[in-house]
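Undergrad: Line order of the protein sequences matches chains X and P. Note that the working numbering numbers the first sequence so that position 222 is 222, with each residue one more than the last. Note that the working numbering numbers the second sequence so that position 59 is 59, with each residue one more than the last.
Hints are computed from structural coordinates only; laboratory data are not their basis. What you are looking at is a predicted structure, and each value in this text was computed from that prediction instead of being measured. Every residue, glycine too, gets a C-beta built ideally from N, C-alpha and C. Honestly, I wouldn't trust all of these hints.
[To be verified] Some, not all, of what chain X presents toward chain P, calculated at C-beta under 8 Å:
(1) Met-104
(2) Leu-166
(3) Val-212
(4) Thr-213
(5) Met-214
(6) Met-219
(7) Ile-222
(8) Tyr-393
[Claimed, not checked] Straight-line alpha carbon distances no greater than 25 Å define the calculated DSS-like cross-link-like pairs of lysine-lysine that follow:
(9) Lys-380(X) <-> Lys-268(X)
(10) Lys-210(X) <-> Lys-6(P)
(11) Lys-203(X) <-> Lys-79(P)
(12) Lys-6(P) <-> Lys-227(X)
(13) Lys-316(X) <-> Lys-268(X)
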Amino acid sequence: MSAHPAKAQRVGMEVSIAVSHAVQMARAEAIAAYPITPQTHIVEHLSTLVANGELEAEFINVESEHSALSACIGMSAAGARTYTATSAQGLALMHEILFIASGMRFPIVMTVANRALSAPLSIWNDHSDIMAARDIGWIQVFVENGQEAYDHTIMAFKIAEHPEVLLPTIVNLDGFILSHVVEALEFISQEDVDAFLPPYQPKYRLDPKKPVTMGAFAMPEIYTEVKYAHQVALTNSYHHILKVWDEWANLTGRRYRPVETYLTEDAKVLFLTMGSLTEVAEVAVEEMRAQGLPVGLVSLRLWRPFPFDALREAVKDAELLIVCDRALSAGGPGGPVHSEVRNCLYPLESKPATVNYIIGLGGRDVPPEAFHDILARAQKEVESGPSGEFFLYGVRG
Amino acid sequence: MIKYTKPLEQTTWRETEVGGVLTVPGTAREYRTGDWRSQHPVWTKSRCIRCGVCWTVCPEPAIVEEPGGYFDMDPNYCKGCGICARECVTGCISMVPEEE
Ligand code: SF4
Ligand code: SF4
Numbered sequence: 001m002s003a004h005p006a007k008a009q010r011v012g013m014e015v016s017i018a019v020s021h022a023v024q025m026a027r028a029e030a031i032a033a034y035p036i037t038p039q040t041h042i043v044e045h046l047s048t049l050v051a052n053g054e055l056e057a058e059f060i061n062v063e064s065e066h067s068a069l070s071a072c073i074g075m076s077a078a079g080a081r082t083y084t085a086t087s088a089q090g091l092a093l094m095h096e097i098l099f100i101a102s103g104m105r106f107p108i109v110m111t112v113a114n115r116a117l118s119a120p121l122s123i124w125n126d127h128s129d130i131m132a133a134r135d136i137g138w139i140q141v142f143v144e145n146g147q148e149a150y151d152h153t154i155m156a157f158k159i160a161e162h163p164e165v166l167l168p169t170i171v172n173l174d175g176f177i178l179s180h181v182v183e184a185l186e187f188i189s190q191e192d193v194d195a196f197l198p199p200y201q202p203k204y205r206l207d208p209k210k211p212v213t214m215g216a217f218a219m220p221e222i223y224t225e226v227k228y229a230h231q232v233a234l235t236n237s238y239h240h241i242l243k244v245w246d247e248w249a250n251l252t253g254r255r256y257r258p259v260e261t262y263l264t265e266d267a268k269v270l271f272l273t274m275g276s277l278t279e280v281a282e283v284a285v286e287e288m289r290a291q292g293l294p295v296g297l298v299s300l301r302l303w304r305p306f307p308f309d310a311l312r313e314a315v316k317d318a319e320l321l322i323v324c325d326r327a328l329s330a331g332g333p334g335g336p337v338h339s340e341v342r343n344c345l346y347p348l349e350s351k352p353a354t355v356n357y358i359i360g361l362g363g364r365d366v367p368p369e370a371f372h373d374i375l376a377r378a379q380k381e382v383e384s385g386p387s388g389e390f391f392l393y394g395v396r397g
Numbered sequence: 001m002i003k004y005t006k007p008l009e010q011t012t013w014r015e016t017e018v019g020g021v022l023t024v025p026g027t028a029r030e031y032r033t034g035d036w037r038s039q040h041p042v043w044t045k046s047r048c049i050r051c052g053v054c055w056t057v058c059p060e061p062a063i064v065e066e067p068g069g070y071f072d073m074d075p076n077y078c079k080g081c082g083i084c085a086r087e088c089v090t091g092c093i094s095m096v097p098e099e100e
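Bound conformation, chain X alone:
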């Protein structure tokens, strides 16, 4: 805990509205967004704040997400602190522009209210939208509750805009499960946010007095080098992310880590989750511990850059790691998170066995009991050999 904790105001608020206030307190100067369920309340409220003069920002209404992110790129190129938010089909419609934003190194901050991709049409939560955008070259963080959504939205600007980072950043929050619940959370004061997050100082901006070319084409002789510079910046952003999170911990007392752990000491079996599912898993793991089962929980807060070392450290003493994915890579190895986790652990000499359970697709509820059931099934799989590459938990038939 900090010796000088920030003055905090406790509020009860819908998480989407809290995110829009975080964007307001971060003094975003430029916003372009298209409303899509379940992200709508965030941009609706931001639009109200701008219209009421409570936030000094340019708010561009656009006809699609493709245009929303394109407009954000233009505004970020002009040197403005830029924000947008989307979900599911909206993120998919941005797809080509996502790569352009990161390749051109614009520190745009975006909230993704995670939602299943059509078809069939579903407005409910899973992670198939963001997992289809794994390779976009953005920093990607997952939050577990409303407080974290507020905290990470403000921190995302500071991380993204660091002169050695300059990368767009996504804060993932589970649609409806987080976006539409009312939570008690703490806001720090505007003075504290201002001290934490100084104005954005772009290295290059569109300025007729000092013209530069942005987004030029690259010959085969140089494309690889520019791509590698981006890769290195994204990998190295890890250290800057930790520094910003530490600074926030000193300010607020809330400490975040790339791989969060819960009751992992002496655990033989670990669950791995992401996002809001982590809090459900915590309940289940507490119950298992009460029954004397050596079970713990790790959650991936940071998805890009992937926290290789922190994950290896967190799971190295376990015998079994049960990776719970909330997306299915059809025709592939199952869940994208499990694929990457297994890849991360493969070079280790001593490592836990892994099994993959895909759960909670398209808003299917995952109660704590599901984790008890998964534990029993996973242990059977270990004894009798895995039944397949993955298990789509709860599928009938």
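Once you have looked at the hints, place chain P with the ligands on chain X.
TA: What follows is chain P with the ligands alone, placed relative to chain X:
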């Protein structure tokens, strides 16, 4: 012509600008569009009326004016599109295949 400190093929990833930003103008000159030409224009000066239409329509632009007001192409940038030959008002430009 503004030159980079190093040719592109010797530039390391550390020497690239963030986001591939180009801080100097005129870098497109580094791109020798003439490299991939499969044919090139040849002028028959005796039929040329020195109107300059070919010079106007070349998209690169790779046509240079010579002493006396006649025209020729710059082999570094002529990509062999044939627009000059098609638009020449007297038909005095013919396209000739590159030698292997
Ligand atoms: S062939 Fe095309 S590029 Fe070459 S000189 Fe003629 S118009 Fe220009
Ligand atoms: S268009 Fe034909 S006639 Fe006119 S200057 Fe060019 S080559 Fe000569």
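Undergrad: Work down the list of hints and note, for each, if the structure agrees.
TA: So, going through the hints one by one against the coordinates:
1. Because the smallest distance between the Cβ of Met-104(X) and any Cβ of chain P comes to about 4 Å, under 8 Å, the interface hint for this residue holds.
2. Look at Leu-166(X): its Cβ gets to within about 6 Å of chain P, closer than 8 Å, so that hint holds up.
3. The beta carbon of Val-212(X) comes within 5 Å of a beta carbon in chain P, closer than 8 Å, and the hint placing it at the interface holds.
4. Interface restraint check for Thr-213(X): the shortest CB-CB distance to chain P comes to about 4 Å, inside 8 Å, so the restraint holds.
5. For Met-214(X), the suggested interface contact is upheld, since its CB lies about 6 Å from the closest CB of chain P, less than 8 Å.
6. Annotation: Met-219(X) was flagged as interfacial toward chain P, and the flag holds, the nearest CB pair being 6 Å apart, inside 8 Å.
7. A distance limit of 8 Å between C-beta atoms decides the matter here; for Ile-222(X) the minimum to chain P is near 5 Å, and the interface restraint holds.
8. Using the Cβ-Cβ criterion of 8 Å, the hint placing Tyr-393(X) at the interface with chain P is not satisfied: the shortest such distance is roughly 42 Å.
9. As the CA atoms of Lys-380(X) and Lys-268(X) are separated by approximately 15 Å, the hinted pair is consistent with the 25 Å bound.
10. A threshold of 25 Å between alpha carbons decides the hint, and for Lys-210(X) with Lys-6(P) the separation of about 23 Å falls inside it, so the pair holds.
11. Our distance criterion of 25 Å between C-alpha atoms is broken by Lys-203(X) and Lys-79(P), whose separation comes to about 36 Å.
12. Note on Lys-6(P) and Lys-227(X): the hinted pairing holds, with a Cα-Cα distance of about 19 Å set against a maximum of 25 Å.
13. As the CA atoms of Lys-316(X) and Lys-268(X) are separated by approximately 10 Å, the hinted pair is consistent with the 25 Å bound.
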